[in-house]
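Residue numbers (this note's numbering), protein chains in the order written: chain S, 1 to 224; chain B, 225 to 514.
Everything labelled a hint here was simulated from the structure, so no lab data went into it. Hints may contain errors.
What the hints assert, rightly or not - Quick list of the computed label-pair ranges, beta carbon to beta carbon:
(1) S:Ala37 x B:Ser389: 55 to 61 Å
(2) B:Glu459 x S:Ser115: 57 to 63 Å
(3) S:Phe201 x B:Ser385: 40 to 46 Å
(4) S:Ala11 x B:Gln350: 52 to 58 Å
(5) S:Val42 x B:Ser385: 37 to 43 Å
(6) S:Ser115 x B:Gln438: 30 to 36 Å
(7) S:Gly39 x B:Ser229: 31 to 37 Å
Source: prediction; values computed, not measured. Ideal Cβ positions, reconstructed from N, Cα and C, are used throughout, including at glycine.
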Amino acid sequence: MIDPEPLWLTAKLALITTLILFILSVPLAYWLAYTKARGKTVIEAIVSLPLVLPPSVLGFYLLLAFSPAHSFGKFLENYFDVRLVFSFSGLVIASIIYSLPFMVHPVQSGFAGLSPSLREASYTLGKSKWQTITRILLPNMRSSLLTGIVLTFAHTIGEFGIVLMIGGNIPGETKVASIAIYDEVEMMHYNNANAYALILFIITFIILLTVYFLNQRFSRSSYI
Amino acid sequence: MIHCSIYKTLQTAQGTINLDIFFEIEQGKLVTLFGPSGSGKTTILRILAGLTSPQKGRIAFNNETWFDTKNINLPPQKRQVGFVFQEYALFPNMTVEENLQYALGKAQANAIVQELMYVMDIEQLQNRKPDTLSGGQKQRVALARALVRKPQLLLLDEPLSALDSEMRLKLQDHILKLHKEFNLTTILVSHDFSEIFKMSDTTMMLKNGKISGQGIPSEILVNEPGSGDFQLIGEVINIEKENFAYVISVSVGNNIIKINSSEDEAIQLNVGDKVLVSLKLLNPLIKKIS
């Protein structure tokens, strides 16, 4: 029988990462979609980096940064008494960076896809930017938001390299399901590995299926 | 009273034009703005509404300065303008009634929403979403929504261009009614000559970013007023040669008029030209048909 802890840890990590990323990405995507600032392309490239960089590269640099032997890690440890290496909080931060493009890109194209006149109409009706975003823009890009949320969630479930680099394999702390599979295979427990793998396979498939189904309904309902 | 003097360089499909405009409009007037596409009509409305900033100039409405090169540029939220977009810009996530309610100010009672839905004859649509409405219905909702805040200045960016002629005539009447009832100052961008004649107190012709003519429509649109007994404005839809004469078909409203013309006249015309048809020395008969 497999230990369910890695599965719970995976779910917890995915949920927390998705929630924080959503809150961070909406303003970032809004800015990227509408700004004419020169620095925009640089920021866009940085956001997209995790798409092409090997997770081990990202993990390696985060490991260095978080390590108490280096300045940033030392600063965190001295002033906040936090150590991010080999801890759950460290995993969350790494996941946020690693899944950033998966949230920002759909939300950004959601903003960009809305007719500018919706925003302008709201302004001429005396409404602030905040009111316009929360009551007009976001409700009219539900399918982009859903895509961002689900891709981030599923992508975090599937993380491996970066987790291994900075989280290691501490049961109950950083041993998520994908690490558990690797662990079981190393120990030749193929049945256990299969159980974890199958569960991940089914869950991610169901998640993606739900998104495509809901997206189809969103796009249809707007014409009925 | 609106005072508007603005300067802005625009990049258009036809190249760079310098928008250099000065006009003043008295309170309560309905003014139309017309000119070829790319001449800056929409930009003028957007600048008045605060959606686009000019490079320099001054805009004042009833002694309140909205824009001054030096230091004033009120955001659209503070300008008390009703703006109707060409593509309506209704909020798809809200019903007709919610679209209007969204525009309510903080201390404003819901009564104005009901009143506007009644005036615009959209009460029976109040629970429908915009995507289920026809073009004419959407336009009525957009007009009603623009007036919820009781603006004094109403800006209409070719609001009727996408509608068929019957719906267009009906909406023209609606606009005229609202214009009077709410004591608005209205600026309407239009391509349609008959609409300009029917609606406007004065009209401004825009060419290459400048106002090339301003006055009552018949003076501006008809460069050389004919001496005929009556005049119609229409569009050439066909030019045909028959023996030695030409037959020119002109569409006026919903009717097509065929006119015989000489070769000299015909070669100056192309299909799509706006023309003035005037009749001389005739005593027209008027007969009741319904």
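Hint by hint, here is what the structure shows:
no.: 1; hint: S:Ala37 x B:Ser389: 55 to 61 Å; verdict: 46 Å, violated
no.: 2; hint: B:Glu459 x S:Ser115: 57 to 63 Å; verdict: 30 Å, violated
no.: 3; hint: S:Phe201 x B:Ser385: 40 to 46 Å; verdict: 55 Å, violated
no.: 4; hint: S:Ala11 x B:Gln350: 52 to 58 Å; verdict: 44 Å, violated
no.: 5; hint: S:Val42 x B:Ser385: 37 to 43 Å; verdict: 42 Å, holds
no.: 6; hint: S:Ser115 x B:Gln438: 30 to 36 Å; verdict: 33 Å, holds
no.: 7; hint: S:Gly39 x B:Ser229: 31 to 37 Å; verdict: 35 Å, holds
When each numbered hint is compared with the structure, violations occur for hints 1, 2, 3, 4.
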